[in-house]
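Kindly produce the complete structure, drawing on both the sequences and the hints.
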Amino acid sequence: NAGVTQTPKFRILKIGQSMTLQCAQDMNHNYMYWYRQDPGMGLKLIYYSVGAGITDKGEVPNGYNVSRSTTEDFPLRLELAAPSQTSVYFCASSSSGTSGMGQYFGPGTRLTVT
Amino acid sequence: AQSVAQPEDQVNVAEGNPLTVKCTYSVSGNPYLFWYVQYPNRGLQFLLKYITGDNLVKGSYGFEAEFNKSQTSFHLKKPSALVSDSALYFCAVRDTRNTPLVFGKGTRLSVIA
Numbered sequence: 063n064a065g066v067t068q069t070p071k072f073r074i075l076k077i078g079q080s081m082t083l084q085c086a087q088d089m090n091h092n093y094m095y096w097y098r099q100d101p102g103m104g105l106k107l108i109y110y111s112v113g114a115g116i117t118d119k120g121e122v123p124n125g126y127n128v129s130r131s132t133t134e135d136f137p138l139r140l141e142l143a144a145p146s147q148t149s150v151y152f153c154a155s156s157s158s159g160t161s162g163m164g165q166y167f168g169p170g171t172r173l174t175v176t
Numbered sequence: 018a019q020s021v022a023q024p025e026d027q028v029n030v031a032e033g034n035p036l037t038v039k040c041t042y043s044v045s046g047n048p049y050l051f052w053y054v055q056y057p058n059r060g061l062q063f064l065l066k067y068i069t070g071d072n073l074v075k076g077s078y079g080f081e082a083e084f085n086k087s088q089t090s091f092h093l094k095k096p097s098a099l100v101s102d103s104a105l106y107f108c109a110v111r112d113t114r115n116t117p118l119v120f121g122k123g124t125r126l127s128v129i130a
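The listed protein sequences derive, respectively, from chains A and B.
Okay, so the first sequence: first residue is 63 according to the working numbering, each after it adds one.
Okay, so the second sequence: first residue is 18 according to the working numbering, each after it adds one.
Hints are computed from structural coordinates only; laboratory data are not their basis.
Only a predicted model underlies this, so the values are computations on that prediction, with no experimental measurement involved.
It is possible that some hints are incorrect.
Listed next, the in silico EDC-like pairs over lysine to aspartate or glutamate satisfying Cα-Cα at most 20 Å (straight line) [as the list claims (entries may be wrong)]:
1. A:K119 to B:D71
2. A:K106 to A:D118
3. B:K94 to B:D71
4. B:K94 to B:E25
5. B:K66 to B:E32
6. A:K106 to B:E25
7. A:K71 to A:D100
8. A:K106 to B:D71
9. A:K76 to A:E141
10. B:K122 to B:E25
11. B:K66 to B:E83
12. A:K71 to A:D88
13. A:K106 to B:D26
14. B:K122 to A:E121
15. A:K119 to A:D100
16. B:K122 to A:D88
With beta-carbon atoms standing in for the labels, derived distance ranges [stated by the list, open to error]:
17. A:T69 to B:S127: 45 to 51 Å
18. B:Y56 to A:I74: 19 to 25 Å
19. A:A114 to B:A130: 46 to 52 Å
20. B:S45 to A:G115: 26 to 32 Å
All C-beta atoms in this analysis are idealised placements derived from N, C-alpha and C, irrespective of residue type, glycine included.
Below, the structure written as structure tokens:
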């Protein structure tokens, strides 16, 4: 049981480039989330999904896109990278209800845009 | 809208002394409250949660938290701090509708030997 996995761990992008951050979970969780963490700012929700085929915007969705074609995978797409997207990105998942540990987090992807 | 405030950016405590990391929240209806810890270059790890029941919740690594409805607070505590407790601590809240967690900005705990 790997939990939540994210790839890559690190990436440097040039301004205007595109990339996809991968996230997968093997806990059969319906809910999945993408957060970004900026120093001193806590975690900001980018997008989330309550099940395959259903996604919704969070607090800071601009510049990002997501899709959820399967229960396991929730990739995050950056189309035109900007320096403001330099951050650490965390994927998380959870089941419905109140059991368990709330959200389970992946190890993060550190992205630098120059 | 839900919100969480962690009023201290940094908390310093001597090893062996009790520690408190403060958290206040705002939510419509009954809150579900969580504490997570983040070590350098790692993801967030669950410490404890309050859903319902006893106001004092016990969690991992000897941590506990006290839910106070009248003060809308959920402070994290530990009777005797360890150097290894040094990390970034996040408080989070959601309402009963299974909405995504809303996180505070984090408090950096430094335990000095």
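So, going through the hints one by one against the coordinates:
no. : hint                         : result
1   : A:K119 to B:D71              : 35 Å, violated
2   : A:K106 to A:D118             : 14 Å, holds
3   : B:K94 to B:D71               : 16 Å, holds
4   : B:K94 to B:E25               : 14 Å, holds
5   : B:K66 to B:E32               : 25 Å, violated
6   : A:K106 to B:E25              : 19 Å, holds
7   : A:K71 to A:D100              : 16 Å, holds
8   : A:K106 to B:D71              : 30 Å, violated
9   : A:K76 to A:E141              : 12 Å, holds
10  : B:K122 to B:E25              : 9 Å, holds
11  : B:K66 to B:E83               : 10 Å, holds
12  : A:K71 to A:D88               : 19 Å, holds
13  : A:K106 to B:D26              : 17 Å, holds
14  : B:K122 to A:E121             : 14 Å, holds
15  : A:K119 to A:D100             : 19 Å, holds
16  : B:K122 to A:D88              : 29 Å, violated
17  : A:T69 to B:S127: 45 to 51 Å  : 32 Å, violated
18  : B:Y56 to A:I74: 19 to 25 Å   : 24 Å, holds
19  : A:A114 to B:A130: 46 to 52 Å : 50 Å, holds
20  : B:S45 to A:G115: 26 to 32 Å  : 28 Å, holds
The earlier numbered hints that this structure contradicts are 1, 5, 8, 16 and 17.
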